[in-house]
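Protein chains: 2
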Amino acid sequence: MPQGFSAFITNLGIRDTTDDFVFIKSSVPCVADGVFTQSLFAGPSVTISRNHLKDSQAQGIVVISKNANVANGSVGIADAQEVLQLVATETGIAAHNIVIASTGVIGRRYPIEKIRAGLLGLGKNLTPADFHAAARGIMTTDTVPKLATRQIGNAKLVGIAKGVGMIEPNMATLLTFFFTDAAISANSLRSIFRSTIDKTFNCLSVDTDTSTSDSAVILANGIAGEVSEADFASALQEVAQELVLKIAKDAEGATKIIEVTVDSAINYAQAKTVAKAIVNSPLVKTAVYGADPNWGRVAMAIGKCENEQQINPEIVVIRFDNVKVYPNSLTDENLEQLRQIMSKDQVNIHVSLNIGEASATVWGCDLSEGYIEINGKYST
Amino acid sequence: MPQGFSAFITNLGIRDTTDDFVFIKSSVPCVADGVFTQSLFAGPSVTISRNHLKDSQAQGIVVISKNANVANGSVGIADAQEVLQLVATETGIAAHNIVIASTGVIGRRYPIEKIRAGLLGLGKNLTPADFHAAARGIMTTDTVPKLATRQIGNAKLVGIAKGVGMIEPNMATLLTFFFTDAAISANSLRSIFRSTIDKTFNCLSVDTDTSTSDSAVILANGIAGEVSEADFASALQEVAQELVLKIAKDAEGATKIIEVTVDSAINYAQAKTVAKAIVNSPLVKTAVYGADPNWGRVAMAIGKCENEQQINPEIVVIRFDNVKVYPNSLTDENLEQLRQIMSKDQVNIHVSLNIGEASATVWGCDLSEGYIEINGKYST
Numbered sequence: 001m002p003q004g005f006s007a008f009i010t011n012l013g014i015r016d017t018t019d020d021f022v023f024i025k026s027s028v029p030c031v032a033d034g035v036f037t038q039s040l041f042a043g044p045s046v047t048i049s050r051n052h053l054k055d056s057q058a059q060g061i062v063v064i065s066k067n068a069n070v071a072n073g074s075v076g077i078a079d080a081q082e083v084l085q086l087v088a089t090e091t092g093i094a095a096h097n098i099v100i101a102s103t104g105v106i107g108r109r110y111p112i113e114k115i116r117a118g119l120l121g122l123g124k125n126l127t128p129a130d131f132h133a134a135a136r137g138i139m140t141t142d143t144v145p146k147l148a149t150r151q152i153g154n155a156k157l158v159g160i161a162k163g164v165g166m167i168e169p170n171m172a173t174l175l176t177f178f179f180t181d182a183a184i185s186a187n188s189l190r191s192i193f194r195s196t197i198d199k200t201f202n203c204l205s206v207d208t209d210t211s212t213s214d215s216a217v218i219l220a221n222g223i224a225g226e227v228s229e230a231d232f233a234s235a236l237q238e239v240a241q242e243l244v245l246k247i248a249k250d251a252e253g254a255t256k257i258i259e260v261t262v263d264s265a266i267n268y269a270q271a272k273t274v275a276k277a278i279v280n281s282p283l284v285k286t287a288v289y290g291a292d293p294n295w296g297r298v299a300m301a302i303g304k305c306e307n308e309q310q311i312n313p314e315i316v317v318i319r320f321d322n323v324k325v326y327p328n329s330l331t332d333e334n335l336e337q338l339r340q341i342m343s344k345d346q347v348n349i350h351v352s353l354n355i356g357e358a359s360a361t362v363w364g365c366d367l368s369e370g371y372i373e374i375n376g377k378y379s380t
Numbered sequence: 001m002p003q004g005f006s007a008f009i010t011n012l013g014i015r016d017t018t019d020d021f022v023f024i025k026s027s028v029p030c031v032a033d034g035v036f037t038q039s040l041f042a043g044p045s046v047t048i049s050r051n052h053l054k055d056s057q058a059q060g061i062v063v064i065s066k067n068a069n070v071a072n073g074s075v076g077i078a079d080a081q082e083v084l085q086l087v088a089t090e091t092g093i094a095a096h097n098i099v100i101a102s103t104g105v106i107g108r109r110y111p112i113e114k115i116r117a118g119l120l121g122l123g124k125n126l127t128p129a130d131f132h133a134a135a136r137g138i139m140t141t142d143t144v145p146k147l148a149t150r151q152i153g154n155a156k157l158v159g160i161a162k163g164v165g166m167i168e169p170n171m172a173t174l175l176t177f178f179f180t181d182a183a184i185s186a187n188s189l190r191s192i193f194r195s196t197i198d199k200t201f202n203c204l205s206v207d208t209d210t211s212t213s214d215s216a217v218i219l220a221n222g223i224a225g226e227v228s229e230a231d232f233a234s235a236l237q238e239v240a241q242e243l244v245l246k247i248a249k250d251a252e253g254a255t256k257i258i259e260v261t262v263d264s265a266i267n268y269a270q271a272k273t274v275a276k277a278i279v280n281s282p283l284v285k286t287a288v289y290g291a292d293p294n295w296g297r298v299a300m301a302i303g304k305c306e307n308e309q310q311i312n313p314e315i316v317v318i319r320f321d322n323v324k325v326y327p328n329s330l331t332d333e334n335l336e337q338l339r340q341i342m343s344k345d346q347v348n349i350h351v352s353l354n355i356g357e358a359s360a361t362v363w364g365c366d367l368s369e370g371y372i373e374i375n376g377k378y379s380t
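Line by line, the protein sequences are chains L and X. Per UniProt numbering: the first sequence = residues 1 to 380. Per UniProt numbering: the second sequence = residues 1 to 380.
Hints were generated in silico from the structure; no laboratory data involved. A few of these clues could be false.
[What the hints assert, rightly or not] Each pair of labels, with its calculated beta carbon distance range:
1. X:Met1 - L:Gly356: 38 to 44 angstroms
2. L:Gly356 - X:Gly356: 38 to 44 angstroms
3. X:Asn328 - L:Asp16: 24 to 30 angstroms
4. L:Glu357 - X:Thr331: 37 to 43 angstroms
5. X:Glu373 - L:Thr18: 31 to 37 angstroms
6. L:Asn322 - X:Gly356: 52 to 58 angstroms
7. X:Ser234 - L:Glu82: 38 to 44 angstroms
8. L:Gly225 - X:Gln309: 41 to 47 angstroms
9. X:Ser343 - L:Gly153: 56 to 62 angstroms
10. X:Lys54 - L:Gly356: 28 to 34 angstroms
11. L:Asp16 - X:Glu373: 29 to 35 angstroms
Ideal Cβ positions, reconstructed from N, Cα and C, are used throughout, including at glycine.
Chain L with its partners taken away, still in its complex shape (with noise of 0.2 angstroms):
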């Protein structure tokens, strides 16, 4: 695990007696960025921690799961500017290089006096941060911790997520956390941070329901001084790959992961928007769900780009792992095949628009009961 960092991991009893605060800190200041939800209901955890990071500097990282502190007005920005104080007071590190997260149920006010008797003496119960710890601290219905670690050079790489609904993340992410003690400058963070996130966090859907909260940091605190950049880049692409897989394996009700890629298309905006189409379209989810050979609904979803008029469903080819599904019709042996590969924990679709050179791959997971049942009554 990367150097320097330390931990408080508690339960303050927000909603239930699981962990629910998490505080990491690191023992330098820390190279740091993050991008955040665009939702036009993004909460007050949002707001500060993009306002905090501008300078890219922080030292610590505050995550509350189980409550979301989103819409609650004033109270709800005078609660989280309270509860950075608390945790600035008790560590020294100054209440602006704190990033703060939430995520929970929207519409309810944190618990404010529990949160005030449990943050007493934070500052004196710090210990080696157990990253495996922290990311259990920071689950809400998630069912497993999301970790993943990387070596780079003399320096170490973590990440840790969580989320298994409202998932799908636009120039951000659920709440995912990275931490490292390489040496980076603030721009090749940002530039390596930002680029990565895209091509990772962004693919990935669940439900098409983009967070209030979604937040994804990385503090890179220097200790182990310099490493190579393409080296740091791929450490952090493969991390980040690692935990988006986590995140489809355990999304709410899936019992399989949907990863779709559409290659020689216009370009890489046209690629993502076919198959976000794809992997979003409940009828294509149900269909991986039931293992049923109805690929007809993958050209369906196609044909809701209505948008990309440059494609041809004349030239498109469909196959499911190396089954050709389209065009030409199927025999029973390969609608056979198809129920197998349709069987499998990993169902992969490839679409070839045949128009260009682009390339894009996605992520997602299978719609079912589970699914139903978690979120009926999930506030309640």
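Starting from the known structure of chain L, fit chain X onto it as the hints suggest.
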């Protein structure tokens, strides 16, 4: 029922033993109009019918259910043309005066031998149109036939529709057909029909999946003579509205209708964008299903409309029926009221943006295990 329409409704063995072929004929040529799916993967039924209605004239409509004849390449086009030619030969109506629609599984060829055999003698077997039987004959996974009628002066108007999934109409809808014996000019019919469809069927969504086969067609044979255009427009609006609610009620797995009204928007497009984001959110739909008073998901869905930057969350008001849920926290009594509202057969969500004068109303349904059950095994 309107005068001058006869029909041939039968089972051709397309998929099972229920009626799957409907032909409705007017005794005289009709003024006609149609609007169709914008899908890039629209099938030959759509492309041929769009072409046949360019002259605003038609005398008959063929509907094949349980097979969409989509994504079948040139064979699919030839099959559709053969069906029209068989009907033309049997009835003496020119093929270009017949409209065709088809609905069901995508990517399977018609059982053309069965169709050839089944249509022999069609011309001699026409009987006065039983529109209830026609509404039943166009069903796929529908559980009830959908029909609505109105009187307009001396004339009658009847509309039928099918569709319970793959429903996010855009410029047209699923399959819906209107028949009237009113006399009306082609220009008036076109203008009234398109505006009506836009405010009714195009405001309906079951699952965000736009069908490849959406078709809405109206035939006016003029036998009952002229009527007031205002009366005609309002009757058509009422019939279309009634069919839309019947579709939302019978939507795959649906247990409740969701009606979303957004008012005081900058313009109609903005109001509709926000209303659609709410009615299409899987998290709003599952909360309604579970009668879970998790109103924050409506705020989340509004927040997703990232391109509508004029929206200011601080002045937005969200209501369920007459209970205000945002801004200001709910009391326990409010929450209990909200739970009761969300337990009704129809849940009405009302959002005021308070930045303009425009409003829009859209309709959808909740999302239950039934949708998963139906769509996990549809093709098999």
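- [ ] Could you check the structure against the hints above and give me the numbers of any it violates, in ascending order?
- [x] 1, 4, 7
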